[in-house]
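Please model the complete structure; the sequences and the hints are all you need to start from.
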Amino acid sequence: MIESDLLDVYTKVLSPWNLIYKDFKKRVIAYIVCILVMFFSLIIVGVIKGWNNWILIANFVFCTIIFYWSLNYFILRVAKEYSKNIYGATFQSNEWTMFICLAIRNYLYQQNILVGNRELNIESLDFLISMLEKRKEEMQRTSIINYFSACGALFLILFVPVWSALNSFFYNKGNFSVEQAYGYLGMVTVILIMVICGIWGIIWRLFILELVSLKIDRVSRLLRCVETIKFMLKNNEYKKSNEIKVNLGKFEELLIEYNRK
1 MIESDLLDVY
11 TKVLSPWNLI
21 YKDFKKRVIA
31 YIVCILVMFF
41 SLIIVGVIKG
51 WNNWILIANF
61 VFCTIIFYWS
71 LNYFILRVAK
81 EYSKNIYGAT
91 FQSNEWTMFI
101 CLAIRNYLYQ
111 QNILVGNREL
121 NIESLDFLIS
131 MLEKRKEEMQ
141 RTSIINYFSA
151 CGALFLILFV
161 PVWSALNSFF
171 YNKGNFSVEQ
181 AYGYLGMVTV
191 ILIMVICGIW
201 GIIWRLFILE
211 LVSLKIDRVS
221 RLLRCVETIK
231 FMLKNNEYKK
241 SNEIKVNLGK
251 FEELLIEYNR
261 K
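First residue of the sequence shown? That's 1 in this note's numbering, and the numbers climb one at a time after it.
Be aware that a few hints might be false.
[Claimed, not checked] Think about it this way: if two alpha-carbon atoms lie no more than 25 Å apart in a straight line, the pair counts; the simulated BS3-like pairs of lysine-lysine are: (1) 84 <-> 250; (2) 26 <-> 84; (3) 250 <-> 12; (4) 12 <-> 80; (5) 134 <-> 234; (6) 12 <-> 26.
[To be verified] Simulated DEER-style distance windows between Cβ atoms: (7) 84 <-> 137: 35 to 41 Å; (8) 248 <-> 126: 20 to 26 Å; (9) 111 <-> 238: 23 to 29 Å; (10) 117 <-> 245: 21 to 27 Å; (11) 59 <-> 126: 53 to 59 Å.
None of these hints come from the bench; they were simulated from the model. What you are looking at is a predicted structure, and each value in this text was computed from that prediction instead of being measured. Where is the CB? At the ideal position from N, CA and C, for every residue including glycine.
Here it is as C-alpha cells:
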C-alpha cells in the first residue's frame, strides 16, 4: 500500500536520527553515557549516605539543571546548526516542518503519486489522508497502554536496586529504625517519581520523541504533512508566502541509499 511505503520513508529516511544525529552519533552516545553515570552516581551516594543530606539533594537539583542546559547546548544547538547548514532549515522550527513537507512532496512526485494535474493530485492526497487516518485509529487503541508501560518499566528499573540497597542497609545497621527505613524509602520513591516525571519528561519531549517517537506520533506527523501539502496545492497564495528554499540534495542521497537496501 502506498501509505505504508510513505510511512516507511518518513520513518527511516526522514527521521531526525537519519537526517541529523547519525552524523555526530559519537557525541550523542557520549552525552547519554555521561548523564547516566552522573545520575546513577548520585543515587548510589544517596543510598550509602542517606537522602537526608541536604548537600546531596542540592547537588541532585544542580545536576538536573546542568542536564537541561547541556542537552540544549551540546546536542540540540549542534543539531540546529547542522540542519541549517545542510538542509537550509533549522531543526525543531517551522522551517523544519516545511522542509519535511517539501521532502515528502518531492518523494510523491518521484513515485508518480503526484503528477502535473492539480485535481488528480488532490484526489491522491485525499486517499492518502484517509488511509493514514484509518491507520492512526487502529494504533490509538494501544498507544496509551504502551506509554504507561514504558514509564512503569523505567520506575521498576530504578526502584529495584534502591529496594535491594534498603534491605542491605537496614539489616547491616543495628541503629537504623523501621521509621527511618521507611522514611528513607518514601523519600527515594518521591525522588524517583520526580526523575521520571521531570527529567524523563524533558528527555522525552526534546530528544527521545524526535528519535524514537511512537508509531502513532509518526503517523500523526505524517498526516499533518500530507494535509499541509494538499493545502498548498489548493492555496497558491499560502504556497508563495510559506514555501521556503531548502536543500533536498542530502535527502535525495539518503533516499537513493534507502532504495538500494
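We went through each hint and held it up to the structure:
| no. | hint | in the structure |
| --- | --- | --- |
| 1 | 84 <-> 250 | 13 Å, holds |
| 2 | 26 <-> 84 | 20 Å, holds |
| 3 | 250 <-> 12 | 14 Å, holds |
| 4 | 12 <-> 80 | 20 Å, holds |
| 5 | 134 <-> 234 | 23 Å, holds |
| 6 | 12 <-> 26 | 20 Å, holds |
| 7 | 84 <-> 137: 35 to 41 Å | 36 Å, holds |
| 8 | 248 <-> 126: 20 to 26 Å | 25 Å, holds |
| 9 | 111 <-> 238: 23 to 29 Å | 24 Å, holds |
| 10 | 117 <-> 245: 21 to 27 Å | 26 Å, holds |
| 11 | 59 <-> 126: 53 to 59 Å | 57 Å, holds |
Of the numbered hints stated above, none is contradicted by the structure.
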